[in-house]
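Participant: Produce the complete structure using the sequences and hints provided.
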Amino acid sequence: MRVGFPVFDRAVHPLMPIVGYRGCLRLIEMISSALLERRDRDSLDEDYELIL
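At position 31 of the sequence shown the residue is numbered 17 (my numbering), and the sequence of numbers has no breaks.
If you're looking for bench data, these hints aren't it; they were derived computationally from the structure. All figures in this text were calculated on a predicted structure; none of them were measured in a lab. Each hint should be verified, as a subset may be incorrect.
What the hints assert, rightly or not - Here are the computed distance ranges between Cβ atoms for each label pair: (1) I4 - D28: 24 to 30 Å; (2) R24 - L1: 23 to 29 Å; (3) E35 - L13: 28 to 34 Å; (4) R24 - P3: 23 to 29 Å; (5) E35 - I4: 34 to 40 Å; (6) E35 - P3: 35 to 41 Å; (7) L22 - M2: 15 to 21 Å; (8) C10 - E35: 19 to 25 Å; (9) G6 - D33: 34 to 40 Å; (10) P3 - Y34: 31 to 37 Å; (11) P3 - E32: 38 to 44 Å; (12) E32 - G9: 37 to 43 Å; (13) M2 - R25: 19 to 25 Å; (14) D31 - Y7: 22 to 28 Å.
Glycine included, each C-beta is placed from N, C-alpha and C at the ideal position.
Facilitator: Structure below.
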């Protein structure tokens, strides 16, 4: 997860807030997305159950 100023390699990253109430919500969303992506990447296919 990359946060800070300036970040020039992302198209709309400077437009997204990282301070204040909206910024706090954005940071929480970025951290939780990174954690969930890491968990999904490191888990085996057998860990997931397909329910129809």
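Participant: With reference to the structure, classify each hint as holding or not holding.
Facilitator: Hints, one by one, checked against the model:
{"no.": "1", "hint": "I4 - D28: 24 to 30 Å", "result": "27 Å, holds"}
{"no.": "2", "hint": "R24 - L1: 23 to 29 Å", "result": "26 Å, holds"}
{"no.": "3", "hint": "E35 - L13: 28 to 34 Å", "result": "32 Å, holds"}
{"no.": "4", "hint": "R24 - P3: 23 to 29 Å", "result": "24 Å, holds"}
{"no.": "5", "hint": "E35 - I4: 34 to 40 Å", "result": "37 Å, holds"}
{"no.": "6", "hint": "E35 - P3: 35 to 41 Å", "result": "38 Å, holds"}
{"no.": "7", "hint": "L22 - M2: 15 to 21 Å", "result": "19 Å, holds"}
{"no.": "8", "hint": "C10 - E35: 19 to 25 Å", "result": "35 Å, violated"}
{"no.": "9", "hint": "G6 - D33: 34 to 40 Å", "result": "38 Å, holds"}
{"no.": "10", "hint": "P3 - Y34: 31 to 37 Å", "result": "34 Å, holds"}
{"no.": "11", "hint": "P3 - E32: 38 to 44 Å", "result": "40 Å, holds"}
{"no.": "12", "hint": "E32 - G9: 37 to 43 Å", "result": "39 Å, holds"}
{"no.": "13", "hint": "M2 - R25: 19 to 25 Å", "result": "24 Å, holds"}
{"no.": "14", "hint": "D31 - Y7: 22 to 28 Å", "result": "39 Å, violated"}
The structure fails to meet hints 8 and 14 from the earlier list, while all remaining hints are met.
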